[in-house]
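Asks: Given next are the chains, with one letter for each unit.
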Amino acid sequence: MNRICLPSFFRRVNCCRAGVVLLVLVLGLSGVSRAAMSDDFAKGLEFSQAGQFPEAAAAFEKAAKTNPSAGTFLNLGLAEWQRGHAGAAMVAWEQARWINPFDSRAENNLKFAREAAQVDPPQLKWHEAVSTWLPPNAWVWLAGVSLWLAVGLLILPGILRRRKAGWQPWLAALSVGVFLFSLAANYGVVSRTHLGFVIKKNATVRLTPTQDGEVVLTLTSGESARVLRTRGKYFYIHTPGTSGWMEQDDFRLICPP
Amino acid sequence: MEKLKHSVLRLLGATALLWLASPFPVQAQLRIQPGGLVQLQMPQPTVDVSSPPVATAEFDPPVVNPGGKTYYRVNIDATESAIQWPEDFSLPPELKVGTSARGMITQLQTDKFRPLTSFIYEVQAPAAGNFTVSNFTVNVLGSLVQVPAASLAVASTATAVPPPRKLIMQMTATNIYLGQPFRVRVILPAGPGNQIEALREIQFDGGGLMTDKTALQQFIGPVNLDGELKPAFVSEMMVTPIAAGPQKLMAQGFSAGREFTAPITIRGQVSLAGGQPKYVLLLSDPAKINVRPLPVEGELPGFTGAIGRFFSDPPKISTNRFHIGEPVQLKVVFHGEGDLNRFVGPAAPRSHNWQIVADPPPSTSFTLIPLTDEVHETPAIPFSYFDPESGKYVDLTVPPVPVTVMGEDLPVQLTDSSEEGKTTVSLKLSAPAMRPDHAMASLMPLQLKAWFVVLQLVPVAGFIALWEWDRRRRYLEAHPEIVRRIRARRALRQEKVQLQKAVAAGDATAFVRHAANAMNIAVAPHYPADPQALVGGDVLAQLDEPSRNGPPGELVKQVFAAADVRFAELAQPQPDLLALRSKVETVLQMLEARL
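Chains as they are written, first to last, in this note's numbering: chain R, 1 to 257; chain U, 1 to 595.
Here chain R is said to cover these stretches of chain U; the calculated rule only asks that three of the stretch's residues, wherever they fall, bring their Cβ under 8 Å from a Cβ of chain R:
no.	stretch
1	366-378
2	428-434
3	445-457
To give an idea of the chain R side of the interface with chain U (calculated C-beta under 10 Å), a few residues:
no.	residue
4	S38
5	L45
6	S48
7	Q49
8	Q95
9	W98
10	D103
11	A106
12	N108
13	P136
14	N137
15	V151
16	I159
17	V189
18	T193
Because the hints were derived from the structure by calculation, they are not lab data. Since the structure is predicted, the reported quantities are computational estimates derived from the model, not experimental observations. All C-beta atoms, glycine included, are put in the ideal place defined by N, C-alpha and C.
Please build the complete structure, drawing on both the sequences and the hints.
Replies: Laid out in structure tokens, this is it:
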């Protein structure tokens, strides 16, 4: 009886161990970690509580540059909103959600801001919508781990001259499925890096990347667009309405280069 | 019945009120005769263009001394554009013709206007004699008008001949820069009896000059002419050169009696000519001016063509605390010595943070609209002028003014109103985060980082290495002799090391033991067998025939015999075995070569 049970017990233990390793890899190596409170973050909080929102925004922006974190971007968005910068606030909250898609505060603030400013959220394609389920780096690690896990499960038993367990083909198939799914999500992540928001009120979209270019559209603060290419200090952006050139100072990407 | 009465009374009352409220009493309709409407609109005298034109011709003065100047003048009472002046018109060849001009004036004749066009030629008679310009015809709107003959008598002896009337031109500068306005005085000295006449239709003949008649100033007063104060009619105006290079400037105008066309100041005692004015086209002597182009070097930003000497008051802003998008007025006042009538203020500069609109001239103020609250001062407005005295551009940039721009007031909560009139907060902003929470090294995802792509090659390399290892292992399993030889070579290397150590230590017993072991190891894969199970004969068997019977064979036997001494009961005398070292190494090389 013992001879039969012991291998199956060990197999279960190995299976659990593999699961734990996978989880650690996905969450730990995804680059998302708890950040320590920096001096700039603390200063920003102080300024914010004192009602000095321009100074608070500057401090949070500095903190976000050195240590990008969801909380910093959340507070940056609040400071920008309080000083009247609706577009910059929305970008900051989008960045908070980029780091931590599970941050309900940023999601709520975005909903509030779009309701107040009467702007629509960006129209995401299905693979982009899927990519918002996890942090961007989690998807890439998930893809890597699932791929090599599947390859390992299929190849290693033969090399190591071990008998293939019954669960191994199933786990390999599951890994392949996860890999294929995460490929789409990864594509969505890359695609979302081109997404940005207008940060200046009545920003102009021009026909040519020049100051004298014909104005084809005026966008309000907080409206979203996709950057297709860059020339000089202009972005060539695409909105549901039209395409044209916008000055880089009037537009901010979620994921700045 | 009562209602009908009230209605009639109300109607009558309303009619009376309307009649009283009417600004004009009711009038009988006017009967306007044909053409009468034009008379109503233009109550001034009509312009007579239907009367047949009449031409006159004269020399002014008709008598001159030899070398003296006179003017040949033809007057035709028709418009200048209607007259086709003959292209082949020429004066007698004995007369030296100088400058010529033409001009037109509208003369008032009792109840109508009549155009008058004058053609004038400056003439110099070099020698005494009588000269006649015979009569000729001029085409005026298709009809031929006879111009009568005119005679000039040049006296043979010097006689007292009054000089012809002419205009005198005085300029404030003759060496000027392109675009630099300068003041020109056109003077009509008093005629006989110190009688002053007005000048009309003053023109400057000369290309590349622009006259500003809006800055016209006229006065009558004593003027210094050739060192003598004489009463004169003076007309001052601004002239601006618009072409570079030497320019010739000449003034012309009609004497017009008391017809002053602009407000005039009279200084001193003068007598004005009475009666019907006599319109005479007069000329001045031509003057030369040199127009220099503006220097290209040293031109400063904001130069709009202002030439002179200017200065500005500090700019004034309507308010220095305002919101984004709120227009504010920035006033800049310029003073100067140049032509302020034609002064072009600074142009609105382009600014990313401001929308700047220059107010229409002659105002030099600006409307500024902040586009961001990150500005703390108005933009500097570049402006410069050219100082003709120093010949340099001077910076007169409007300096920035400190301001505070506030952002938009955005709501912090949204409310909903229910049907019962109750308002509830539907959405509001979250509280700030007290900790930074989740962090990333960078917002840039790993997918776009080159090192991460390179990192993916590591598992690929690992799997390739594993696969290669497995292939090698399977190959060796199929060919065990390779493994045995590899192991034999490895063991042989170890025995050689021991052999060296024994030689170094001078231990002959250990030397022969390791030499015998090394030989056994070197031949073991050929059987295959365990090296410990082999003897000297097995080693000899692996040598080729010549070696087996030659010195190598002898050496093998000697080594194995010395190694077997340990099994002997009695100690055997041993030769100097360490001297065999080089021979042993040769045999081992021979055996190793066969592995």
